[in-house]
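Protein chains: 4
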Amino acid sequence: MSSNQPDTVTKDLPRHPWDDDDKLHEECGVFGTIGVTDAASFVALGLHALQHRGQEAGGIVTYDPSHGFNSARRFGYIRDNFTSQSVMETLPGMLGIGHVRYSTSGSKGATQIRDVQPFFGEFAMGGAAIAHNGNITNAESLRRELIERGSIFQSSSDSECIVHLMARSLQKALPERMEDALRRVEGAFAVVAMTATQLIGVRDALGVRPLVLGQVGDGWVLSSETCALDIIGATFVREIEPGEMVVITDQGIESRRPFRQQSPRFCIFEHVYFSRPDSILGGRSVYESRRQIGVELAREAPVDADLVCPVPDSGTPAAIGFSQESGIPYAMGITRNQYMGRTFIEPTEQIRNMGVRLKLNVNRALIKDKRVILVDDSVVRGTTSRKIKEMILDAGAKEVHFRIASPPTAWPCFYGVDTPQREKLLAATMSEEEMREHLAVDSLKFISLDGLYRAVGEANGRDNKCPQYCDACFSGEYPVEPADMIEKGFELKAAE
Amino acid sequence: MSSNQPDTVTKDLPRHPWDDDDKLHEECGVFGTIGVTDAASFVALGLHALQHRGQEAGGIVTYDPSHGFNSARRFGYIRDNFTSQSVMETLPGMLGIGHVRYSTSGSKGATQIRDVQPFFGEFAMGGAAIAHNGNITNAESLRRELIERGSIFQSSSDSECIVHLMARSLQKALPERMEDALRRVEGAFAVVAMTATQLIGVRDALGVRPLVLGQVGDGWVLSSETCALDIIGATFVREIEPGEMVVITDQGIESRRPFRQQSPRFCIFEHVYFSRPDSILGGRSVYESRRQIGVELAREAPVDADLVCPVPDSGTPAAIGFSQESGIPYAMGITRNQYMGRTFIEPTEQIRNMGVRLKLNVNRALIKDKRVILVDDSVVRGTTSRKIKEMILDAGAKEVHFRIASPPTAWPCFYGVDTPQREKLLAATMSEEEMREHLAVDSLKFISLDGLYRAVGEANGRDNKCPQYCDACFSGEYPVEPADMIEKGFELKAAE
Amino acid sequence: MSSNQPDTVTKDLPRHPWDDDDKLHEECGVFGTIGVTDAASFVALGLHALQHRGQEAGGIVTYDPSHGFNSARRFGYIRDNFTSQSVMETLPGMLGIGHVRYSTSGSKGATQIRDVQPFFGEFAMGGAAIAHNGNITNAESLRRELIERGSIFQSSSDSECIVHLMARSLQKALPERMEDALRRVEGAFAVVAMTATQLIGVRDALGVRPLVLGQVGDGWVLSSETCALDIIGATFVREIEPGEMVVITDQGIESRRPFRQQSPRFCIFEHVYFSRPDSILGGRSVYESRRQIGVELAREAPVDADLVCPVPDSGTPAAIGFSQESGIPYAMGITRNQYMGRTFIEPTEQIRNMGVRLKLNVNRALIKDKRVILVDDSVVRGTTSRKIKEMILDAGAKEVHFRIASPPTAWPCFYGVDTPQREKLLAATMSEEEMREHLAVDSLKFISLDGLYRAVGEANGRDNKCPQYCDACFSGEYPVEPADMIEKGFELKAAE
Amino acid sequence: MSSNQPDTVTKDLPRHPWDDDDKLHEECGVFGTIGVTDAASFVALGLHALQHRGQEAGGIVTYDPSHGFNSARRFGYIRDNFTSQSVMETLPGMLGIGHVRYSTSGSKGATQIRDVQPFFGEFAMGGAAIAHNGNITNAESLRRELIERGSIFQSSSDSECIVHLMARSLQKALPERMEDALRRVEGAFAVVAMTATQLIGVRDALGVRPLVLGQVGDGWVLSSETCALDIIGATFVREIEPGEMVVITDQGIESRRPFRQQSPRFCIFEHVYFSRPDSILGGRSVYESRRQIGVELAREAPVDADLVCPVPDSGTPAAIGFSQESGIPYAMGITRNQYMGRTFIEPTEQIRNMGVRLKLNVNRALIKDKRVILVDDSVVRGTTSRKIKEMILDAGAKEVHFRIASPPTAWPCFYGVDTPQREKLLAATMSEEEMREHLAVDSLKFISLDGLYRAVGEANGRDNKCPQYCDACFSGEYPVEPADMIEKGFELKAAE
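Residue numbers (UniProt numbering), protein chains in the order written: chain Z, 1 to 496; chain G, 1 to 496; chain E, 1 to 496; chain W, 1 to 496.
It is worth saying that the hints were derived from the structure and are not from the lab.
Treat the hints with care, since some could be wrong.
It does not matter which identical chain is used: a pair holds within one copy or between any two.
[Stated by the list, open to error] Below are the SDA-like pairs computed for lysine to any residue, each with C-alpha atoms no more than 25 angstroms apart in a straight line:
(1) K23 to P312
(2) K368 to G382
(3) K370 to N464
(4) K368 to F236
(5) K23 to I486
(6) K23 to S66
(7) K370 to A428
(8) K172 to P302
(9) K23 to Y339
Chain Z on its own, in the form it takes in the complex (with noise of 0.2 angstroms):
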């Protein structure tokens, strides 16, 4: 059905084994500023600290009077490809937005450098680029519809699909043109854009996806994260409200509500797994609201070991929480290879049959002879799971119990996630019981969806009637419809 566009520059990336494939991928961070001296070298940094939200690639365009727009894109680390003066040096100016992907929805096999944000249109008003988070769910039809009248695509990426509705938008001024597009479409985004003279940042209308804003000297920053703020020195000023579009210019900011008013509904799992523990989220500490998790997990799902043992690193904040409430010592039974990369490239059969060892390690003396409690953040195919749990039986454990810092994950997100087909998911299919049996561990807990509410700070709870925030892959609420996918056959799930 969706064609096959020719490639402008490809970059095969192959998934093996061993990479995270087992884990919920956020797909995309964005970053940007104005009113700098040298804003791509900013733009790099935030981009750096933002490089756990998307690993693919990354791309920064500037503006500079002189120079016009500028862009470069490359398939790769940020420290690997914006560092070197030879590259910066093309990307002059005070103003400038970047971006970097794990993968998007577009995407089939191969990613294309041309489908590497941010996105760049010339109108009859002069430039403007776009890089965003998140997932326009009903890009595919805005796309039929702008092809039939003539609108030629160069790349399978959402965002195109902002940039042609600006293009034929009958507004003059660019952030005008924007709000035009906007409001035709669908789904769940944080945008970063810019024109010669303006940094424009925007949330949906439920605000899925996070957007900070940062002050540093006389300048200002727009961030997934605010991670991405203390790399650079800035001060965090206030998220950007959902529904909210802030056009900033060096007059100021102006704050516009293009969209109608519903009440909010954050990612949850940005707190579970997707932001850095040293990020601020709706006011909390992101490691604190896991350390929590934790604290709630060892109250529902207490059990009698010898050792708390995180799979690293994401499960480590939540296990501290699970030790200090249980008084279980914490230990570090399984360790990180910090050297293992996205880049083990066509390895040979012997190699790639490794699978997790290449990546973690058992403490042998550590764990032999223990009754070890394994704290992970989720399971999504369960596969990392039981090798784990295979390489500490293997070094002599005498029990191993989960403990799982979100509740099962039964529904794939729309909203900006990378996420397996529905029924590739684990907890889509299997009672936790199954999964317990499937695992073949002594126990098997997840967090409940309500103990998950409180720890993030919902003192009561989730509020079922309207959810504080979005827990689709929990729960199959989903709070926009994903009308690409229902077309494409996607059922929701029944009404109960």
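Given the structure of chain Z, go ahead and fit chains G, E and W onto it with the hints provided.
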């Protein structure tokens, strides 16, 4: 004035003093095939044979029912980019087109990979790829108009105008959309294009740029020159006629006439320099035409001397003809370093200053004390001619006589040839005698325009009422008005 | 003085301010295997597990009866260089050795690929390859002597001395030649070597550097650490003993004693920092030793505070122990950017100045208004400690207390560890209190030498008459005289 | 028998069917200079001019008092490797030598960067670098002897024998050590070498391989051919004499005679094919000698025909001579694709099968219905000749007559030329008439050995008692016994 679009991937290919920047350069070669196994290999071979028409970059698009449209575009030689299994296997299919380019009219400074053809667009009716040789003389005004209406350009290439015009055509089928688009376009061009099932070839109404049709097995081939038929063992069928559009499917060839009929004006410089000597143009061997130019030149401008030496390699056939007509022995007095490429990038100061010597060396033992006739194909800026003369005199020649196998090049070409601005053309500001003095040689003679016409088979010379060829670079008579250039201030030759 | 040899292939890997140049660095890891299918893959996996011992370069040599000796040596990580089929299939055989290196004593400035081990020599009796971890303290005088006699050195590596000594040995068989050679060599080293049929392992008489023996199927393994046995599923057999040479063939293991017997002096810093926490050294879990250091430190230097935070990642086990002993909660107050590598090459000025922030970020929400104990493994120059302290105070901490998991590092190591010159070591010129003032922290305490010995299992602490370990970096007592360095002017500690 | 040394850095340059593997290949070119500013640039230019003598790899060593000896060695063309500032500025100094190579006798299969010359050794008296063109015919027995004595070889290059012999010489100064070494060496070689203060040139006693002396400003130049003097504007002084060793310092030139005197035997094939046509050998223009071969050939083997066509490019001068002597018109019936390189690596099956067509194309319009004389420089295996004949007949030629500008090549060269094994040489197993039948052409004639001697200036032809040239490849008379080859079973021509 024109805004600076952000780069996708940029690669700087600076031109150095020893580059042939004292030559006119054909800007492109095109090739397409349908109905053959592994079309991409045939296209690669064809482009390799057309490499003299453009060395900066090349691209291939193919279509295969199970993989859709596929493309690869690269900077550098075909032999270096389109030969490995890893690249070629990404280009499956029995239908493909390709392009080699020198540089397009749009690119100032660095070329960008997105400017490399073929250009691809996805339309409501399916995809199409297009590549052209030549120049659209009203591209800039078309572009402005399309942007006003909401089209987003991704390259600075002329071809993209055609694709956007096609996208907005009210016709359904792609060939009809292309006819619609081509009717809006002015200039001189040979186009190869493809849809999922069709190979399309078009020559502009005047037939300025060449395009030939060949047959290989059950398949068909379109190519800028016949030498690219030879390399794949295809047989030459006929030239595409001026103003003709052929649509080739597995049902055969359909010929259409989208343009108003005009008398043809084939580019005469293809005979003088652009085409390969083993190609056949208008039924004539290019080698033989060039040899005949030498014969005419020996008749028009005889001189008493000891040796006739070509300036390698393009002056060789005319020098052979001059020798045969004059009886003065032919000798290779100047040797060309066959390991010289375009790739002496970033040379040291010392190397930069050696200019011509890196490329050419005089055979001192042969030249010493001789009266030498040097036969070259053209004089553009005159810089190379001066250096060659100096080398010959340094080697001890007694006299140096230049014989030039084309008339004085006094006007820029706007039909797909890279020429300096008019004021940089030696012949634009000097008479033949002034040029002789400037070059400080014993004699300097250009072939007359009539002599050139005779050499290419027009026994009565040029028909000044209705010239048989486009010879604007010599005569200043432009068969298509260069609209964009006039808007930028170019002044046509005053009517006489 | 030292002559400047011409390069073969040079690759500059500059060290930047944010590189761990405020740490001591192990210089090498070695690995070898015999009697396994596809030895090269095992060696690659083993070296990947030993990557923390050297990240600059790696090399593998294998032997196969039909292809002879084969080798590949590369700059960069094992995962990037020794995983593709194309490289690995050039390394056939059931017998192989490998090496990772940080930098050798010989290299000033740029390292050269010819300095990368294993080193190969062809002798009258056949070929042999050799790799070592450690340092030959009389390498320079040996080198001078060998050159006088007509040996031609191709590298600046210590190992090459051993190979030339072997070449000139009057013995026939290679193991005997190696014994001859090793008897001339002074210093601390663990050697793996191979001939066409033998895998050889040697530890110097004091056993300063580690080397262990493992078994996998019918094959044998030698490795610097046990964590590299785990990755290939090998079982740990025993440590090679100080002064022991093992010669392994398909007939089994033969143990020899080429050196005069001495009491062992294993490097105590392997426990503190060099080895991986999941390795077992001298029968003890490294992780457990480090945790115990934290326990001892909490006893020796208690302080009232709110949080115990490790300086990631090396301070983590000691911080856990400190927390457990003191009852002060453990928290991850500092987050390490896991995408930081050694490859931020050629950064812009702006990036260069951010130093530690690129690598570490403080969890502000956690630290604010807290009294914080920071546990780090060592203080070398003190530059990183200062920056971390500033980050912590910027984040709003009320008090900062440093607890260091090793005694003051006051002396350089000459046994295969990269240490700054003595005057650059903070502890060489300052007392503990002066260091506290220099770092401007509320308190600073190092573990005592006796405390460290207790933590690694010596219940009575250090035996000052006959110390159980090499602790020269703390005590200034060098068990092997550093002859070359003394010749260059290094002054030993005055006898007390 | 010969052991397989491990690689340092390997780069495979496979030879494909369209490579000139049907030619004999000169294996090397050497160049050196002293007393000039920026010697490395001069060496790079000289090597560029000598690139036809070896295209696989090149290397440069320079010496500068403040940086010592510096070197860079690379696979590929000089123009691609030795032109950038970044490489050239690593090669400071007023004294340097360089080398281009095709492949050395030692390398089977892949070449290794450590085999690329110049070769460097550090001796008790200081360093020396050395590069040679030619072959040491007793290299293998020398190597065995040196290894027995404890020398360690790092390459498979002949030159390394010389360096090890120098290292073991009892002489003090390096030129004396080199004299010592060269007296042990048998074969045909031209050497350039350097110490920190001396540029040294040597020709073997027979003077088989060429070496010339030039002067540029206050500096001196040594080069394999005079064409490399021209490129840097140096004047030709004289040839180094057979058996002469020159030692050039800033004090001037000293000439030594280390060898027993013999009558010279310069390689006659340098005139036929190896040297560039614009070089001067033994006082004669190479171009003129080749043209004269054509003249002799037209006298010895006339034939009635319509056209004389060279097989490009090496047959050109002889074809011109043949045309001039016979009166039959000269024509370029075969066009060479100037974009063909050695780099069509890993081609697809389809491309691989096109062989010669990628490189050569017939000018059909010219050839059709003509009787064609093809002039080629030599016939080695005969494979290319067959393909060219087929192309010519396909194009419609009525008759094909081959005229070969050298006698039948019936014997391999062991003096630095890459020749197939004897049984692969067409002329080793067939008479002239059998070869004509094998090639299926209308006639085939080789120039006689006497005719060749006359063409190069020996009016009375070959002096069979004491031949003036080395013509072993034609006559089987080897002036130096090929000791290593005889040991391996090569059978000399039976005495007649």
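Hint check results:
{"no.": "1", "hint": "K23 to P312", "result": "both (13 angstroms within a copy, 24 angstroms between copies)"}
{"no.": "2", "hint": "K368 to G382", "result": "within (24 angstroms within a copy, 38 angstroms between copies)"}
{"no.": "3", "hint": "K370 to N464", "result": "neither (41 angstroms within a copy, 37 angstroms between copies)"}
{"no.": "4", "hint": "K368 to F236", "result": "between (46 angstroms within a copy, 15 angstroms between copies)"}
{"no.": "5", "hint": "K23 to I486", "result": "within (24 angstroms within a copy, 56 angstroms between copies)"}
{"no.": "6", "hint": "K23 to S66", "result": "neither (45 angstroms within a copy, 31 angstroms between copies)"}
{"no.": "7", "hint": "K370 to A428", "result": "neither (32 angstroms within a copy, 44 angstroms between copies)"}
{"no.": "8", "hint": "K172 to P302", "result": "neither (62 angstroms within a copy, 68 angstroms between copies)"}
{"no.": "9", "hint": "K23 to Y339", "result": "both (19 angstroms within a copy, 18 angstroms between copies)"}
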